[in-house]
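The listed protein sequences derive, respectively, from chains A and B.
Here the first sequence is numbered in UniProt numbering, starting from 1 and rising by one per residue.
Here the second sequence is numbered in UniProt numbering, starting from 1 and rising by one per residue.
None of these hints come from the bench; they were simulated from the model.
Keep in mind that a hint or two might mislead.
[Said to hold, decoys possible] Pairs of lysine-lysine residues, derived as DSS-like cross-links and limited to a Cα-Cα distance of at most 30 Å, are as follows: (1) B:Lys50 / A:Lys219; (2) A:Lys100 / A:Lys379; (3) A:Lys252 / A:Lys100; (4) A:Lys379 / B:Lys50; (5) A:Lys379 / B:Lys118; (6) B:Lys140 / A:Lys219; (7) A:Lys288 / A:Lys252; (8) A:Lys494 / B:Lys50; (9) A:Lys288 / A:Lys100; (10) A:Lys101 / A:Lys219; (11) B:Lys41 / A:Lys219; (12) B:Lys41 / A:Lys379; (13) B:Lys41 / A:Lys494.
Since the structure is predicted, the reported quantities are computational estimates derived from the model, not experimental observations.
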Amino acid sequence: MISGYLDGLGMVLQLGTLLAIAGGTLLGIIMGSLPGLTSAMAIALLLPVTFGMPPVAGVGMLLGALCGAGASGSIPAILLNIPGTPSSVATTFDGYPMAKKGEAGRALGLAIVASFFGGVASMIILSLLAPPIAEFALRFGPAEYFSLSIFGLVIIASVAGKSLLKGLIAGLIGFFASTIGTDPITGVGRFTFNELSLLTGINLLPALIGLFAVSQVLKDTLEYDPHERVKESTHRIDIARPRFLETLRHWKAVVTGVLSGSVVGPVPGAGGSIASLVAYDQTRRFSKSPDKFGTGYAPGIISVESANNALLGGALIPTLALGIPGEAATAVLLGGLMIQGITPGPLLFDDQGGMVYGIFLAYLVANFFMLLIMCLGIKLFIRVLTVPRKQLLATILVFCFIGVYGVDGDVFNLYLMLGFGVLGYFLNRYDFGTAPVILGLILGPIAESNLRRGLQSFQGDWTPFFTRPISVTFLVIAIGLLALTLWQNYRAGKQVSASQGSGV
Amino acid sequence: MESGLTSLLSVSIDFETSHLFFPRIIHWIMAVLFVIILATKTIPFLAAVKRGERTLPILGESMDGFRFFGTLALIVAYFYLMAVVGNLFPYTGYGFLFVSMVFVLLMSLMYMHEWTKKGVIIVVINAIVAPSLVWFILAKLFKITLP
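Bound-form chain A, shown alone (with noise of 0.2 Å):
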């Protein structure tokens, strides 16, 4: 281990990586600080710039984005009280009113900080923890692998969209597109259309990109209101003192979010809302004084952004160890990893570890970055708030076209990317989520290839993915979450009817 570190160290520490993750760490503080623009979107379109680089430059420049974009969501959470980032939403809760008493620099010092706190922790976690699960998922066969694929679909589907239902079919939709193409083992071409570029099957970043970044620039050209007006922060703030000793001061809160960021990350879609939530919740409910919550108290703050950037680490666990993507953005993340030639998952760690430690490193560095960067350009940071986003669209647009365009310079991609931001744009608008369709697609080929391997290899039987351990735990585990969301939903139902019928 301590040779993969040296592997690794040797290749962040090359002039062109560290510059590489400081621009993309930049880049993301500017897209997460943007209302609207979400980390995914920014490292949707940092792609295209990492095709050139060596891996673990590519790759740096991505997290930097990553955490970037996770951090600076608190900028106009604390100035705005509009979230940057769906992850922000919490620090509104207490990063405003404290803005609102005058103290808006000292509210983005300990978010700053509590950030830092949180990527660091949970960089050291994600060190400790993937290593024995990449090798734990060495012992998976096909079966193991099938159920891992059903798993994750269901989770995210029961998390991601408003309904579990609508979260399958959007999952499904995934699952459909990805059968798009050559069949995996025998050869044959399915649904092709005699269209020679869908003979490699549908490519991962039309996809990504037209799912995440251009049904939010269609959402944004459809909803838009002319009477809208940019609002302007009236804090006068130079520079944001990086607060270290008030934010050790209240430990518990950086835990509180370390453990949130750290458990909720992991789990297949569930999301920054979710940990940042769990976090504000937990650290309110052990406090000594409840009651100072919501009027501008730091341990809100540094609890909620703690948790923000602990879950990125934590999100990062199931992606390179098993190859699964814990949210929207590492999804991305997974997508740039394999347009490097890094397939993420247990053989990695044996095949090439010196890169998996690297990346461990440069994700290290970009939160030294993301904190050095946010201290010293606030004042920038804070002008880019009054930036139009109307002028940004045609812009945001050109780049979705060159990252899509760059990979292999097919214009029927492009097209293709048009038609999944359509799509992008009518699953978010009811509420069927993105995420979903994305992680089919990811998912679909293992789950069609593994079940097909395993029916092979078990001579048509197949029971044994019901009598494996590993595979029958995690379908007892994804079943057993499809029921507790269904009753979930039918409580609420219940709940909502009944207040209605009170209510008349």
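Based on these hints, arrange chain B on the given structure of chain A.
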């Protein structure tokens, strides 16, 4: 497939149609879920539309039709023209550069509600600078093929 129990516990896949084995499962599950959602969501929704409580999406909605369809038309034209212009200057990326400038300009103008002198100048500068910068970084520094 001797007795009833063994045939229940195993599946045999015909090689001729084996590539459709998995898609067929997916299609059946999707069909079932589609029927469920039709029954639980769509039919009550259409009934609400009939009673006049809700409106149909897209058709019955008040929206900025000019901008929405304008955007879609511009995007398709952008993709198409880029390949055409790119073929005039092969392997230089000029197709991308010039068509992107026009695209960014038209799109920004479409979303500008009040045409002020200052606004137009910013839009024009942005339309020229942004694609040039992207073109320089990607085509020249990173040597990525652009149309």
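Hints versus structure:
no., hint, result
1, B:Lys50 / A:Lys219, "27 Å, holds"
2, A:Lys100 / A:Lys379, "18 Å, holds"
3, A:Lys252 / A:Lys100, "25 Å, holds"
4, A:Lys379 / B:Lys50, "54 Å, violated"
5, A:Lys379 / B:Lys118, "24 Å, holds"
6, B:Lys140 / A:Lys219, "33 Å, violated"
7, A:Lys288 / A:Lys252, "11 Å, holds"
8, A:Lys494 / B:Lys50, "26 Å, holds"
9, A:Lys288 / A:Lys100, "24 Å, holds"
10, A:Lys101 / A:Lys219, "35 Å, violated"
11, B:Lys41 / A:Lys219, "23 Å, holds"
12, B:Lys41 / A:Lys379, "48 Å, violated"
13, B:Lys41 / A:Lys494, "17 Å, holds"
The earlier numbered hints that this structure contradicts are 4, 6, 10, 12.
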